[in-house]
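S.K.: Letter by letter, the chains look like this.
There are 2 protein chains.
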Amino acid sequence: MIQKGLDNIDYPTLAPNLFEPVKYMLEGGGKRVRPTLVLMAANLFTDDIQDAVIPAIGLEMYHNFTLLHDDVMDKAPERHGRKTVHLRWNENVAILSGDAMQALSYQLIARTPSYCLKEVLDIFNQNNIEIDQGQQLDMEFENRGNVTLPEYIEMIRLKTSVMLGAALKMGAVIAKATPEQAQILYDFGVNLGLAFQLQDDWLDCWGDPKTFGKRIGGDILCNKKTYLRIKAESKLMPPSTFRGQTEEQYIEMYKNYFIMTGAEVSCRNAISEYVAKANECLNRLNMPDEKLSLLKSLAAKLENRNA
Amino acid sequence: MIQKGLDNIDYPTLAPNLFEPVKYMLEGGGKRVRPTLVLMAANLFTDDIQDAVIPAIGLEMYHNFTLLHDDVMDKAPERHGRKTVHLRWNENVAILSGDAMQALSYQLIARTPSYCLKEVLDIFNQNNIEIDQGQQLDMEFENRGNVTLPEYIEMIRLKTSVMLGAALKMGAVIAKATPEQAQILYDFGVNLGLAFQLQDDWLDCWGDPKTFGKRIGGDILCNKKTYLRIKAESKLMPPSTFRGQTEEQYIEMYKNYFIMTGAEVSCRNAISEYVAKANECLNRLNMPDEKLSLLKSLAAKLENRNA
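Those protein sequence lines, which keep their order, are chains A and B. If you count by our numbering, then the first sequence holds residues 2 to 308, one letter each, in order. If you count by our numbering, then the second sequence holds residues 2 to 308, one letter each, in order.
Okay, chain A solo, but in the shape it has when bound (with noise of 0.2 Å):
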């Protein structure tokens, strides 16, 4: 439903160079989290979930517009295993074409049914100025020293979490669940993003190298701020000796370091709290299991992933 939604969506033809790179985002796959979790959002409520796909489409172009020019940003040579936009054609090409996305997810967006459209315009539209609120903490973070914990989930709550509460509100609201609904789901959708981006910081470390998709170590490296690392140098500073080291021999360093100072535990608590909250959501939608099944085991499966 979702990939027929993406392949069938009409592009201008004035400039046909312009999609070429669209397409190019788009096909490079991706797991359709969001607009999966608009649709289960919507059948909780209905089952005749037609009208929240096009939607759903919308709030994959927006994502994949953020990708595309994250990754200009960061000079990101790879996505998905291919070639990004900016190195495939050229920076200019990656910043245009991505402003085109941005435009096509709204003429997405605009085809949500007259009923909702105001709400969903107004979900959308605070997600996208969260989003760009927490690439723009993520950016300052990295010349910053003293980033601490609270500053760094409220940086990953904007630049992650909420756009999978605004997926999982929006499919809500568009099958007409009441705001109150639609609100829990929102708040389930955070609490889910925050558990998925700490068990991304933990699996960095200790996930399987043939399943994570990325190298083992790689935030070590770049010295990335993430949870494990600000936790790790609030109760100890990392020893100096960490220098001049194998990048293997680094990485093992830096990974006991983690569990001597405790960060390690931490962060597995961590996780499981926002998988507990993200749980206690769902319980208070007082709605039958097997109803609520696909989202309970969407978050078992998180909090137990590997890759």
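These are computed hints drawn from the structure, not numbers from a lab. It cannot be assumed that every hint is accurate.
If several chains are the same, the list does not tell them apart, and a pair holds so long as it fits within one copy or across any two.
[Stated by the list, open to error] Derived lysine-lysine pairs resembling DSSO-like cross-links, with alpha carbons at most 30 Å apart:
id	residue 1	residue 2
1	Lys225	Lys215
2	Lys119	Lys5
3	Lys211	Lys297
4	Lys292	Lys256
5	Lys119	Lys24
6	Lys76	Lys24
7	Lys177	Lys119
8	Lys292	Lys236
9	Lys225	Lys302
10	Lys119	Lys225
11	Lys32	Lys177
12	Lys177	Lys297
As the structure is a computational prediction, the values presented were derived from the model and not from experiment.
Mind docking chain B on chain A? Use the hints.
M.R.: Same frame as chain A, now just chain B:
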């Protein structure tokens, strides 16, 4: 009214640095042509134009977003006599705050009254996608030798004219004009925009250096494909003796070449034709002359402007 609206924008507070370049762009000045057109169009149909103010501000925000990202793509050093955002801050800041401006513009557009939200959003979306396509064609033309006049006209229609049409149509729709009236005003705006851009091409050669604001001959020196150059080259390629002159001589030789080939006359005729077409649109509105006087004087001023 417009300046007050721009001054009173409620910026999000979670990452305040993100909005410093946004404010900087909006403080840079500009003639506020687009929001003024929104309000002038609304005023044709209603005395109370309050409903049109926020959407007008949204369009001005969007316009400034396109300027910001165009400056990055063009590596422009200055705008309105001040450093461009990517030089005053850096390129990443310019990309991200531009993205935020596009999102903010939609947040303002979303405050359009509900009776016409969908219609205004559709006009805005179509405009935005067309602007992106215009910029794409403009970039492609830089690397192409064989751009024809119809292609050039189509490019400037997309890149600069449709936004004037969209401004007027938005104002008309908000003020409950009929679809025919709204479309006539759109056509008026597009013709006005085409005349404006061709006048800009002409002023690059024969404008008053005291008031034009840009260096006379700037387009000639950077080999920009303008109406004059494309028309002239379709008659006669510029003699190779143009090379190796001083800049002032080079500009003078090109101006003579544009006159000799008839490109100058052709350009003035085209401007008059688009202004005439614009005026025809106004006549089709069947409104008392005093109602239309502001728009008519705008068209007249444009044809005779020297700055």
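S.K.: Mind listing which of the numbered hints don't hold for this structure, in increasing order?
M.R.: 4, 8, 10
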